[in-house]
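**Q** Sequence:
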Amino acid sequence: MSLSHHVARQDPFAGLSRFRGEFYSCLTKRADALFELADAVLCADGPVRSLVELSLVGEHRRGHGGLYDALSAGRVDVARLRRALAAVSLPRAADGRLVLAADLTCWLRPSAHTSPQRILCHTYGRGKDQHIPVPGWPYSVICALETGRSSWTAPLDALRLAPGDDAATVTARQMCELVERLIDAGQWTDGDPEILIVVDAGYDVPRLAFLLKDLPVQVLGRMRSDRVLRRAVPSREPGVRGRPPRHGGEFVFGDPATWDTPDARTVTTTRLYGTATARAWDRLHPRLTHRSAWTSQLGALPLIEGTVIRLQVEHLPSGATPKPVWLWWSGTDACETEVDTLWQAFLRRFDIEHTFRLFKQTLGWTCPKVRTPEAADRWTWLILTVFTQLRLARPLAADLRRPWEKPASPARLTPARVRRDFRHLRPKAACPAGAPKFTQPGPGRPPGRKNSQPTARYDVQTVGKPDPAKRRTKKSTTPRHRRTG
9 MSLSHHVARQ
19 DPFAGLSRFR
29 GEFYSCLTKR
39 ADALFELADA
49 VLCADGPVRS
59 LVELSLVGEH
69 RRGHGGLYDA
79 LSAGRVDVAR
89 LRRALAAVSL
99 PRAADGRLVL
109 AADLTCWLRP
119 SAHTSPQRIL
129 CHTYGRGKDQ
139 HIPVPGWPYS
149 VICALETGRS
159 SWTAPLDALR
169 LAPGDDAATV
179 TARQMCELVE
189 RLIDAGQWTD
199 GDPEILIVVD
209 AGYDVPRLAF
219 LLKDLPVQVL
229 GRMRSDRVLR
239 RAVPSREPGV
249 RGRPPRHGGE
259 FVFGDPATWD
269 TPDARTVTTT
279 RLYGTATARA
289 WDRLHPRLTH
299 RSAWTSQLGA
309 LPLIEGTVIR
319 LQVEHLPSGA
329 TPKPVWLWWS
339 GTDACETEVD
349 TLWQAFLRRF
359 DIEHTFRLFK
369 QTLGWTCPKV
379 RTPEAADRWT
389 WLILTVFTQL
399 RLARPLAADL
409 RRPWEKPASP
419 ARLTPARVRR
429 DFRHLRPKAA
439 CPAGAPKFTQ
449 PGPGRPPGRK
459 NSQPTARYDV
469 QTVGKPDPAK
479 RRTKKSTTPR
489 HRRTG
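Residues in the sequence shown are numbered from 9 upward in steps of one, following the working numbering.
One should not assume that every hint holds.
The calculated BS3-like cross-link candidates involving lysine-lysine, where the alpha carbons are at most 27 angstroms apart (straight line), are [what the hints assert, rightly or not]:
no., residue 1, residue 2
1, 37, 368
2, 414, 368
3, 377, 458
4, 436, 37
5, 37, 377
6, 37, 445
In short, the hints are calculated from the structure, not lab data.
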């Protein structure tokens, strides 16, 4: 897909300063400490390993006690910060379309027994097809995709899943609120192409498209290779009696005999994958039942029609045997140009994995050992604002490369290279945080006295099951009888 970076029509320093000022206004409690903590992440040398090391960065003028106090007792106006992120310039497609990618990433906390609301997160093991459930906090992150082969994205929202939440329902609600903010910020207006939402196989793509049917969006996602869909019902012949069927013939992904002739077919020569062959079949839908996510649906279940695309490449860069990729698009009547645009847009979805890797390995998103999920949410929003500042400073940064690294043009600098030069750019941007006041540390707990208030411990929950802490036992209405004698 031909994506081009949307260049802002303003001074880059002015845009960076404006966002930093708005970010500071979103910090309603412990604002100076939280703002300097974000600057410490931006200006630290090398990857962030722990929070206490950030207190030694020159841009952080407070002690480590104030740093931890800011994360545990600070306050962030998340609603205002979300609007500020939606107002920043975003990358767009060649036709002006916004392309959003949604995915789940986990903050693993296997040994944090005193941390509430942990959920079993499925992680990939070292062996083939090994899924290991590890307790942690899963987050649903939405990013706008960047052009071509790039590790840049535009993170717009992050939401932690609580015990009992359904991933598709939470993502649909999160995406609905994000689209409304983008419309209010002028990122999408009437007459613009519909926003394309790209997800992976972890989501129920037809259900996600059904939940977002009232928005100007199109949903594209991958399906498992063992799925079975249904065709549209053929026209009814005259004179046939009885109840008309709701579903047509089967379309089995694993059985080529059920495919018939595709409605569109394209052959494209690529640099990494060789010849890429895409075939599309129009108006296919899953046969829904009143189970799982559709249990609460009253009446007849909907027919969610879409286009199925099968992508087969000649070879992979790793040398492994390529397997076909099955995609489902919520639109219909796709032409050959749209088919090529859709599968190329899906390949761009994997750029979000580079963003997650930068969050965890360079910016230290999962390094702090915070106890409460509220502190984890606070730290997560700081990381999102840090990455946004790197994106705004992208046209200003110089290439401070290591001796063994190859030179890169200003347009090809990675987020890690832009971060190396942010310390030199920071004095030219707005720094609204005030200097710390002179204080003395408190006495703390007297020596030899043990903690008389042990911390509560919490059980690990699974996705889709209610939290036992929220269950209330039904009390008996029979009055108790006093013992006599």
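**Q** Confirm or reject each hint.
**A** Hint-by-hint comparison with the structure:
no.: 1; hint: 37 / 368; result: holds (26 angstroms)
no.: 2; hint: 414 / 368; result: holds (24 angstroms)
no.: 3; hint: 377 / 458; result: holds (22 angstroms)
no.: 4; hint: 436 / 37; result: holds (26 angstroms)
no.: 5; hint: 37 / 377; result: holds (21 angstroms)
no.: 6; hint: 37 / 445; result: holds (16 angstroms)
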